[in-house]
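Q: Residues in the sequence shown are numbered from 204 upward in steps of one, following the working numbering.
These aren't lab readings, by the way, just hints derived from the structure by calculation.
Cβ coordinates follow ideal geometry from the N, Cα and C atoms, glycine included.
Worth double-checking, as some hints may not be accurate.
Claimed, not checked - Computed Cβ-Cβ distance ranges for the label pairs, DEER-style:
{"no.": "1", "residue 1": "K521", "residue 2": "V266", "range": "17 to 23 Å"}
{"no.": "2", "residue 1": "G505", "residue 2": "L594", "range": "42 to 48 Å"}
{"no.": "3", "residue 1": "E353", "residue 2": "S545", "range": "33 to 39 Å"}
{"no.": "4", "residue 1": "S545", "residue 2": "K352", "range": "42 to 48 Å"}
Said to hold, decoys possible - The list that follows gives simulated cross-link-like pairs (lysine-lysine, BS3-like), each with its CA atoms no further than 27 Å apart:
{"no.": "5", "residue 1": "K463", "residue 2": "K369"}
{"no.": "6", "residue 1": "K206", "residue 2": "K441"}
{"no.": "7", "residue 1": "K263", "residue 2": "K396"}
{"no.": "8", "residue 1": "K369", "residue 2": "K206"}
{"no.": "9", "residue 1": "K441", "residue 2": "K463"}
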Amino acid sequence: MSKNIIFCADGTWNGPNNDDNKDDIPDYTNVLRLFNELDGTADTPDMFVRNEQEKTLRNKSGVVLQVSKYIHGVGDSNNWLDKMLGGVFGAGIIERIVRGYTFICRNYDRDDDIFLIGFSRGAYTARALAGMIGECGLLDKNKIDLTDKEEAYRLGTAVWRQYRQKTNVDGSLLDRIIRDAPMFLHEQVDPNKIIYFVPIKAVTVWETVGSLGIPEYIKDARIDAFKFASTALGEHVKYGRQAIAIDEMRLDFTPTFWDKRDNIVQIYFPGIHADVGGGYSSTNNGTGLSNGAYLWIRTELGQLGVHLDPVQVNVDFKGPIHCEWYQIPYKLGVRQLRRPDSPDLAIHSSAVSRMAWPTPLPVQDNTGMWGAQLYRPASIQPYVNACWQPLNGIVIHP
């Protein structure tokens, strides 16, 4: 019997201990909320210790139906791979991809359904991992002892290097990483111990950002670390789903769209980055908007066969829109959103309802102060009329 293998990668600053407003109530992202609602028994009673967790779901006969793993945006500093990579540039990015990869390799059997889920940099992780699997395949657990985690990490990191060299998009940055990295990054993997042509059921993400890759800064100079090999979702991935924020203004958070293709759906939701991917307190309806994007992805995954134990979610298009750039002087600009004129690239109905609401709604301004405004998103203005109603041909997702 085939099973689901689900890897959940959170954003860099997000995890089970996130509590920005200090109310002693964790502010979960949509990735962590989804993992918590995946059916199965956890391998540890408390993920707060390691910022990660695995679950296994079995039927009454003991047959495994689903395995899942959640990893914090930063990862476990006590992990062997984290320690071995040390100060190598981009070590955290490499670690998250490799650990997702080895988790899948350790569990994969032919005909299993693989699901990759992420938010923010975790969305990058999910998409990069999908590309790596499509290009390089999986380590064969029947030919390699993947229960030896150190060996699995060594080989997984070597596969990552081979993938980045094949795609040839990192140039001198990759040369520098390999030069500074431990020797195991130079290992070669026996091609006879690889499973090729591995299909992925779905990649579902909230807010992949960085048009060229993950924004990094060295001495105040921006570089784009680990550029996407391609913005096309590989044909080995059957379904792609992405929720995209309408109101984000940080230029470093430029959305990374997938190229148009069958079975890819990308939907615009009201709010900024974390109003879509989650991570704010539920106090004062702070998750009213992110609940909408969460419910959409959760529903899609359920329809694709993911085993869930869902809880009630209250969506409110009138929820507050936050601001994250009043504390740090980011470069700002209106988000450039593609024309939403097809069912696979559309505006969510919650955004249309918010624009139509006749009274001002809560919003945090560029100084961090809270007020209320009519909803008039500049990024959507080209696609609405003078009354802020969608133009003919603009598609609204229900």
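Q: State for each hint whether it applies.
A: Results for each hint:
1. K521 with V266: 17 to 23 Å: violated (45 Å)
2. G505 with L594: 42 to 48 Å: For L594 against G505, whose Cβ atoms are near 33 Å apart, the range 42 to 48 Å is violated.
3. E353 with S545: 33 to 39 Å: violated (48 Å)
4. S545 with K352: 42 to 48 Å: Because 44 Å falls inside the window, the suggested range holds.
5. K463 with K369: holds (24 Å)
6. K206 with K441: Roughly 16 Å separates the two Cα atoms, so the pair holds.
7. K263 with K396: Status violated; Cα separation ~33 Å.
8. K369 with K206: Violated. K369 to K206 sits at ~30 Å, over the 27 Å cutoff.
9. K441 with K463: holds (13 Å)
Checked against the numbered hints given earlier, the structure breaks hints 1, 2, 3, 7 and 8 and satisfies all the rest.
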